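Given the coordinates of chain A, work out where chain B should sit on it, guided by the hints.
Which chain is which? The protein sequence lines are A and B, in order.
Throughout the first sequence, residue numbering follows the numbering used here, covering 1 to 113 in sequence.
Throughout the second sequence, residue numbering follows the numbering used here, covering 1 to 109 in sequence.
Derived from the structure by calculation, the hints contain no laboratory data.
Please read all numbers here as calculations on a predicted model, not as lab measurements.
Treat the hints with care, as some may be off.
[As the list claims (entries may be wrong)] Taking lysine-lysine pairs in the DSBU-like style, the calculated list, with each CA pair at most 35 Å apart, reads:
#1 A:LYS14 to B:LYS41
#2 A:LYS57 to B:LYS56
#3 A:LYS11 to B:LYS96
[Unchecked claim] Pairwise CB distance ranges, derived in the manner of DEER restraints:
#4 A:LEU39 to B:GLN14: 36 to 42 Å
#5 A:ARG9 to B:GLU1: 28 to 34 Å
#6 B:LEU50 to A:SER87: 45 to 51 Å
#7 A:ARG9 to B:SER45: 18 to 24 Å
#8 B:LYS68 to A:LEU39: 34 to 40 Å
#9 A:GLN17 to B:VAL55: 47 to 53 Å
#10 B:ASP82 to A:SER7: 26 to 32 Å
#11 B:ALA78 to A:GLN17: 46 to 52 Å
[What the hints assert, rightly or not] From the derived model, a few chain A residues whose C-beta atoms are all more than 12 Å from chain B:
#12 ALA2
#13 GLY72
#14 GLN83
Here a beta-carbon is modelled for each residue, glycine too, at the ideal position from N, C-alpha and C.
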Amino acid sequence: GAGVSQSPRYKVAKRGQDVALRCDPISGHVSLFWYQQALGQGPEFLTYFQNEAQLDKSGLPSDRFFAERPEGSVSTLKIQRTQQEDSAVYLCASSRVRDYEQYFGPGTRLTVT
Amino acid sequence: ELKVEQNPLFLSMQEGKNYTIYCNYSTTSDRLYWYRQDPGKSLESLFVLLSNGAVKQEGRLMASLDTKARLSTLHITAAVHDLSATYFCAVDYAGKSTFGDGTTLTVKP
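Chain A with its partners taken away, still in its complex shape:
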């Protein structure tokens, strides 16, 4: 079956621009996670959804970061007024329920110039 998909795969943004990153989880997966992975480091948790409810956003680094999952399926991570330190790979993962194995998408590589 189809895995987790993300788009775009690559995004170059000028400092100050807004960007929107999309995640399509595996069909039927209740839980959806966003992570940020800086070069040479492990992924860091950003936020978690259970269906359409955002239950944990403790990892979002600033109020420029906003995530939504309005219908409990596709999710969008939005970054406003991008800064150079936002350059990273943004990974989305989904799982059947919260404490089960997570399946990761291919990621979106964001470069802010």
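Same frame as chain A, now just chain B:
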């Protein structure tokens, strides 16, 4: 705050040799994951370890979990070039996964 430490961070080994990667974590948890990541790719799940004493094996890789020592190991047996990748452990706590910094493994002929 949960801390996850892996060592070594970089490992170069010859084909046919054995080695172990270690993952220590700072807070009680009974769920630990090992992932593989190839350059420019996403994470591939290798093992999910759910209880103290759990041991799982797949091919040349074997993972174990000691929740009392807060330690997991990933043992590589008779390494082959195809195992070259970065390996991450991740520990669940308070509903979220915390990852180590990864171990970059290079297997040389």
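How the hints compare with the structure:
Between A:LYS14 and B:LYS41 the CA atoms are separated by roughly 24 Å; this keeps the pair inside 35 Å, and the hint holds. A C-alpha spacing of about 33 Å is found between A:LYS57 and B:LYS56, which places the hinted pair at or below 35 Å, so the restraint holds. Our distance criterion of 35 Å between C-alpha atoms is met by A:LYS11 and B:LYS96, whose separation comes to about 27 Å. At about 28 Å, the beta-carbon gap between A:LEU39 and B:GLN14 misses the expected band of 36 to 42 Å.
Distance hint check for A:ARG9 and B:GLU1: the Cβ-Cβ separation is about 32 Å, which falls inside the suggested range of 28 to 34 Å. Checked against the hint of 45 to 51 Å, the pair B:LEU50 and A:SER87 fails, with Cβ atoms roughly 36 Å apart. Checked against the hint of 18 to 24 Å, the pair A:ARG9 and B:SER45 passes, with Cβ atoms roughly 21 Å apart. For the hinted restraint 34 to 40 Å between B:LYS68 and A:LEU39, the CB-CB distance of approximately 35 Å keeps it satisfied.
Roughly 49 Å separates the CB atoms of A:GLN17 and B:VAL55, a value that falls within the hinted 47 to 53 Å. Range check, B:ASP82 to A:SER7: about 29 Å between beta-carbon atoms, so the 26 to 32 Å window is met. At about 50 Å, the beta-carbon gap between B:ALA78 and A:GLN17 stays in the expected band of 46 to 52 Å. Residue placement check: A:ALA2 keeps its beta carbon more than 12 Å from all beta carbons of chain B (closest about 14 Å).
Once the 12 Å rule is applied to beta carbons, A:GLY72 is consistent with being away from chain B; the minimum gap is 18 Å. A cut-off of 12 Å between C-beta atoms confirms that A:GLN83 is not in contact with chain B; the least separation is 23 Å.
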